[in-house]
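Chains A and L supply the protein sequences, listed in that same order.
What the first sequence shows, in the working numbering, is residues 744 to 880, in sequence order.
What the second sequence shows, in the working numbering, is residues 976 to 1189, in sequence order.
There's no promise every hint is true.
[To be verified] Lysine to aspartate or glutamate pairs mimicking EDC-like chemistry, simulated, CA-CA at most 16 Å apart:
| id | chain 1 | residue 1 | chain 2 | residue 2 |
| --- | --- | --- | --- | --- |
| 1 | L | K1171 | A | D856 |
| 2 | A | K816 | L | E1172 |
| 3 | L | K1101 | L | E1050 |
| 4 | A | K755 | L | E1172 |
| 5 | A | K816 | L | E1174 |
| 6 | A | K752 | L | E1172 |
| 7 | A | K842 | L | D1054 |
| 8 | A | K755 | L | E1050 |
| 9 | A | K752 | L | E1174 |
| 10 | A | K749 | L | E1050 |
| 11 | A | K749 | L | E1172 |
No lab work stands behind these hints, which were simulated from the structure alone.
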Amino acid sequence: MQLMPKRVKFRKTHRGRIKGRATRGQTVAFGEYGLQALEPGWVTAQQLEAGRVAASHFLAREGKLVVRAFPHKSVTAKPIETRMGKGKGEPAFWVAVVKPGTIIYEVSGVPEDLARQAFNRIAHKMPVRVRMITRRI
Amino acid sequence: MESPVLQAERRGPLGTRAARRLRREGKVPAVLYGHEVENIPISIPQGALKTAIQMGARMVSIRWDDKEEMALLKETQYDAFGKEILHADLVRVALDKRIVLEVPIELRGTPAGLAEDGVLEQVLRKVKVECLPRAIPEKLTADVSRLRLGESITFKDLELPHDVKVAEEDTGAMVAMVRKIVEEEVKPAVEEEVAKEPEVITRKPKEEEEEEKS
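With the rest of the complex left out, here is chain L (with noise of 0.2 Å):
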């Protein structure tokens, strides 16, 4: 996938207030840092970040003072309804050195387990790969469809793109299929059970109490 260009601009002022005026300019604040050469912050329109991050794209080519760089997106915090972009963390990369990244897991197929009454369950939805920055994977797709009730499948089982490796520990089940759990009809609750308070654990004794009362 090619790598989005973004326009950028130096920041001026630093901090909290000059950030806020920024956001509500419609740009994003950022930093440009990593290979040992100075911190650059900067400042990316919204847009342009918002449109390059649905495309998909992890590398991005940042242009500001007639210069260019390469950057991989490495971390963007987004407001408490997950809408606006807050603030994106970029790091320098070098072309031809491999990078460690997390990529999404993708599950193919209509599993057999299904059919017996399984649910799918996935336990993770990322993993750590090792690849060149040219060759990041969108994502990482696990056929499923031969997946029984009661199996499991790994990393192992991933479909590894060429040159790009797994660059986690294989920890166990990342999809399963497991049996139904059937919810008990709950009977209404009698209303001693109501009446039911939590125990208050700084309660004193009541001799104590009396105690200090009298």
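Bound conformation, chain A alone (with noise of 0.2 Å):
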């Protein structure tokens, strides 16, 4: 099931720009090791889904992974072959906004090479590039 609001205050956002970097949920604080964002960007709720399935089914259940991005942003867009105008599209997906440093996933649990391969499998889903951290005490 993807992620997505329960409850907005209005459906539709602006597009908005992504400046600096990340203030907030830049460091590990649920897991041993965090895969960090390194550059602005926006993650789908099928990316963040399909990274989640990917890394719980190379874990086997061994583990435990958190998923630390939520979509809050609704992004809309037209039917195609729908002329210009008449007024702004209806919501189409959800997204993260990620800004570089954030921590969109983090491991518990397990060795630091399968926590490795397991954030190799979601960086493959990611639409950012990411590198893997460890938690710093």
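Quick one: dock chain against chain with the hints and give me the complex.
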């Protein structure tokens, strides 16, 4: 099941602009290893779910995987072969806004090499460059 | 562990721009304070400070202008990527007075509960301890090899070195052996479910909307 908010104040949002680096959610908080974004971008709910499935299948119930990003932002699209105008399109999908430094996933309870391999599988599903980091004590 | 000596310089101009200039030069802006003596803004070479932290040093000896003081590395701020140190807080300490600080917890052994299809969950990773500045433990270890499914250990089970006390209230499990959560295979969502939208909390009732239009 793809992630999306339960309640929102407004259905449609402006596209916005991603400026600067992450000032929140940039440290490993729940696990021992984290997957950190290195560039700004939108990670869709579908990509987040694909990453989660890929990693949890690989880890085969070992350890614990935490998804730290949540798709709060709706993105609209117009139907194909529609003329321009006639108002804004309908929400098509949901995205998580990711800034450089944001931790997207965390893993705990597995050795480092397994975590690295799981993150490598997730990295292939991500629209931004990522790297693995270890919890700072 | 011996405290590393850090060669510092007293900072001239203060503020954001001066701090940024220092960082560009490979120095970390820091402040030395405490013991009701004046606060001294200093700068420390980034490399030396990083090495000291990697070595696990908690106490450092700060040397500047022919003076030397022992200080506790209280807090370090990092950039968004967790690579560069942006700022360091150094607190003066008296070597004969006990201090309270956080120390990481390390687990030792393979828990017996792993064979019973359990997962080891570490709830707390740090603990506040009270000790003398010269006897700060690098880490505290806890033996988890006897931990069976459904069991947990608390601060009481930590192996404390001589003259080190836990300065935190025991709030419950520190490490627990829990049952694996078996994820149910999620059936592919029905189209209706996919099309479902979140509830809009600012949406007006239809009657009001029509009134406004008219």
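Do the hints match the structure? See the list:
1. L:K1171 to A:D856: 39 Å, violated
2. A:K816 to L:E1172: Holds, because 13 Å separates the two Cα atoms, which is no more than 16 Å.
3. L:K1101 to L:E1050: 15 Å, holds
4. A:K755 to L:E1172: Cα-Cα ~11 Å, so holds.
5. A:K816 to L:E1174: 14 Å, holds
6. A:K752 to L:E1172: Holds: A:K752 and L:E1172 sit about 12 Å apart, inside 16 Å.
7. A:K842 to L:D1054: 13 Å, holds
8. A:K755 to L:E1050: 42 Å, violated
9. A:K752 to L:E1174: 8 Å, holds
10. A:K749 to L:E1050: 38 Å, violated
11. A:K749 to L:E1172: 8 Å, holds
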